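Colleague: Chain order of the listed sequences is L and G.
Numbering-wise (the working numbering), the first sequence opens with residue 1 and increments by one.
Numbering-wise (the working numbering), the second sequence opens with residue 101 and increments by one.
Mixed in with the good hints there might be a few duds.
Subject to a maximum C-alpha distance of 27 angstroms in a straight line, what follows is the list of computed BS3-like cross-link-like pairs (lysine-lysine) [as the list claims (entries may be wrong)]: (1) L:Lys36 / G:Lys198; (2) G:Lys194 / G:Lys108; (3) L:Lys36 / G:Lys281; (4) G:Lys198 / L:Lys30; (5) G:Lys260 / G:Lys194; (6) L:Lys36 / G:Lys283; (7) G:Lys112 / G:Lys224; (8) G:Lys194 / L:Lys30; (9) G:Lys112 / G:Lys194; (10) G:Lys283 / G:Lys224; (11) G:Lys281 / G:Lys133; (12) G:Lys260 / G:Lys283; (13) G:Lys112 / G:Lys260; (14) G:Lys133 / G:Lys194; (15) G:Lys224 / G:Lys281; (16) G:Lys112 / G:Lys199; (17) G:Lys108 / G:Lys283; (18) L:Lys3 / G:Lys133; (19) G:Lys199 / L:Lys30; (20) L:Lys30 / G:Lys224; (21) G:Lys260 / G:Lys133; (22) G:Lys194 / L:Lys36; (23) G:Lys224 / G:Lys194; (24) G:Lys199 / G:Lys224; (25) G:Lys198 / G:Lys112; (26) G:Lys108 / G:Lys199; (27) G:Lys199 / L:Lys36; (28) L:Lys36 / G:Lys260.
Some but not every residue of chain L turned toward chain G, in silico, with C-beta under 7 angstroms [as the list claims (entries may be wrong)]: (29) Ile8; (30) Val24; (31) Ile42; (32) Ile55.
Because the hints were derived from the structure by calculation, they are not lab data.
Everything numeric in this text was worked out from a predicted model, so none of it was measured.
Idealized CB from N, CA, C, for every residue including glycine.
Here are the chains, one letter per residue:
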Amino acid sequence: MLKYVLLIIAMGFVTYIPRMLPMVLLNGVKLPSRLKTFLGYIPFAALGALIFPGILSSTGDTASAICGLAAAVALSLARLNVMFVVAGGIAAVYLYQLFI
Amino acid sequence: MKKLFSFKEGLKAGIPIAVGYLPVAIAFGLMAKAAGIPNYVGILMSIIIYAGASQFVGVNLLMLGTASWEIVLTTFILNLRHFLMSASLSQSLKPDSKKALLPLVSFGVTDETFTVASMNTGDKLDINYLLGLNLIAYGAWNLGTWCGLFLASGLPQSLKDSMGIALYAMFIGLLVPSAAKSKPVLIIGLTAAAVHTFIRLLPLFAGLSAGWGIIISTIIAAAVGAYLYPQEEVQDA
Chain L
1 MLKYVLLIIA MGFVTYIPRM LPMVLLNGVK LPSRLKTFLG YIPFAALGAL IFPGILSSTG
61 DTASAICGLA AAVALSLARL NVMFVVAGGI AAVYLYQLFI
Chain G
101 MKKLFSFKEG LKAGIPIAVG YLPVAIAFGL MAKAAGIPNY VGILMSIIIY AGASQFVGVN
161 LLMLGTASWE IVLTTFILNL RHFLMSASLS QSLKPDSKKA LLPLVSFGVT DETFTVASMN
221 TGDKLDINYL LGLNLIAYGA WNLGTWCGLF LASGLPQSLK DSMGIALYAM FIGLLVPSAA
281 KSKPVLIIGL TAAAVHTFIR LLPLFAGLSA GWGIIISTII AAAVGAYLYP QEEVQDA
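Kindly produce the complete structure, drawing on both the sequences and the hints.
Modeller: This is the structure in structure tokens:
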């Protein structure tokens with residue numbers, strides 16, 4: 001038991017450090033404007049990298065994933081709340097797998 | 101942006117994250133159970149580590165009998181991307197945020213809480229909003245883990261497969277409206293997706309872990325953005 005617990009604590013520690021250090025050290029610190037711009041762009045860049053290509057293998061088959069992707073993009077372009085985008089994406093994949 | 105970004109707003113913004121986390125966490129619980137490791141290992145992982153991919157990989161490596169140091173190193177590399185996200189959040193969090201709370205809210209930085217917080221609040225992120233967001237996401241992750249471990253096989257496979265798209269759909273719902281309004285956002289998002297796809301396809305990078313793939317493509321795309329569009333002109337996107 002001790003072996004497992006120690007391992008989990010070590011895994012938690014190495015996960016926590018990168019999460020904690022920048023926020024604690026950099027909040028309220030004025031950074032050079034280029035760096036600040038770069039950090040401001042990180043969310044958009046991270047979203048792009050997180051979505052693609054991972055989405056293609058998220059449902060078990062690529063065709064249904066593309067169907068869900070198309071539905072989610074269409075619903076977002078219609079400016080629907082994220083909740084509906086999520087529901088619509090799930091529904092599109094479910095219906096696709098049900099009928100095709 | 102006139103909304104007050106309170107604790108309650110954070111809880112509400114976290115609902116799509118919770119919807120996405122539940123099935124993934126249930127799957128994690130099921131996998132931990134199937135792997136034949138004691139239940140408390142899965143439970144503790146979700147409480148202490150709280151990072152999806154590395155928990156799956158951790159259980160998998162445990163099953164294979166991998167050395168502990170190797171499991172810890174893999175976890176570190178997989179989650180190193182949060183370093184970038186935390187650095188970015190440090191700048192969007194109001195400068196007068198309560199310092200004592202920073203170590204607590206930073207524990208809750210995930211791909212999902214980071215993107216939701218950044219996209220919804222721009223650079224006026226309130227620490228209470230982040231607390232609410234973290235709480236609902238963390239709650240859903242741990243609840244799902246318990247469900248997977250103790251409530252048998254649960255959902256039918258077809259529904260689980262469809263739920264697999266949930267978090268991706270949320271990412272799309274966060275990115276697409278901004279990208280439709282702002283060219284820099286569009287370019288940065290597409291660059292990241294293209295670079296990441298490239299990395300995944302090239303045999304040269306076959307040994308690269310998922311964490312590194314995301315780190316490298318995120319850095320390249322954000323740097324391209326900072327080079328092409330030096331003034332941040334997208335904050336209210």
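Colleague: Please go over all the hints and tell whether each is borne out by the structure.
Modeller: Now the hints, each set against the structure:
| no. | hint | verdict |
| --- | --- | --- |
| 1 | L:Lys36 / G:Lys198 | holds, 21 angstroms |
| 2 | G:Lys194 / G:Lys108 | holds, 18 angstroms |
| 3 | L:Lys36 / G:Lys281 | holds, 21 angstroms |
| 4 | G:Lys198 / L:Lys30 | holds, 17 angstroms |
| 5 | G:Lys260 / G:Lys194 | violated, 39 angstroms |
| 6 | L:Lys36 / G:Lys283 | holds, 19 angstroms |
| 7 | G:Lys112 / G:Lys224 | holds, 17 angstroms |
| 8 | G:Lys194 / L:Lys30 | holds, 12 angstroms |
| 9 | G:Lys112 / G:Lys194 | holds, 20 angstroms |
| 10 | G:Lys283 / G:Lys224 | holds, 22 angstroms |
| 11 | G:Lys281 / G:Lys133 | violated, 46 angstroms |
| 12 | G:Lys260 / G:Lys283 | violated, 36 angstroms |
| 13 | G:Lys112 / G:Lys260 | holds, 24 angstroms |
| 14 | G:Lys133 / G:Lys194 | violated, 42 angstroms |
| 15 | G:Lys224 / G:Lys281 | holds, 20 angstroms |
| 16 | G:Lys112 / G:Lys199 | holds, 24 angstroms |
| 17 | G:Lys108 / G:Lys283 | violated, 32 angstroms |
| 18 | L:Lys3 / G:Lys133 | holds, 18 angstroms |
| 19 | G:Lys199 / L:Lys30 | holds, 16 angstroms |
| 20 | L:Lys30 / G:Lys224 | holds, 15 angstroms |
| 21 | G:Lys260 / G:Lys133 | holds, 17 angstroms |
| 22 | G:Lys194 / L:Lys36 | holds, 14 angstroms |
| 23 | G:Lys224 / G:Lys194 | holds, 6 angstroms |
| 24 | G:Lys199 / G:Lys224 | holds, 16 angstroms |
| 25 | G:Lys198 / G:Lys112 | holds, 22 angstroms |
| 26 | G:Lys108 / G:Lys199 | holds, 21 angstroms |
| 27 | G:Lys199 / L:Lys36 | holds, 20 angstroms |
| 28 | L:Lys36 / G:Lys260 | violated, 40 angstroms |
| 29 | Ile8 | holds, 5 angstroms |
| 30 | Val24 | holds, 5 angstroms |
| 31 | Ile42 | holds, 4 angstroms |
| 32 | Ile55 | holds, 4 angstroms |
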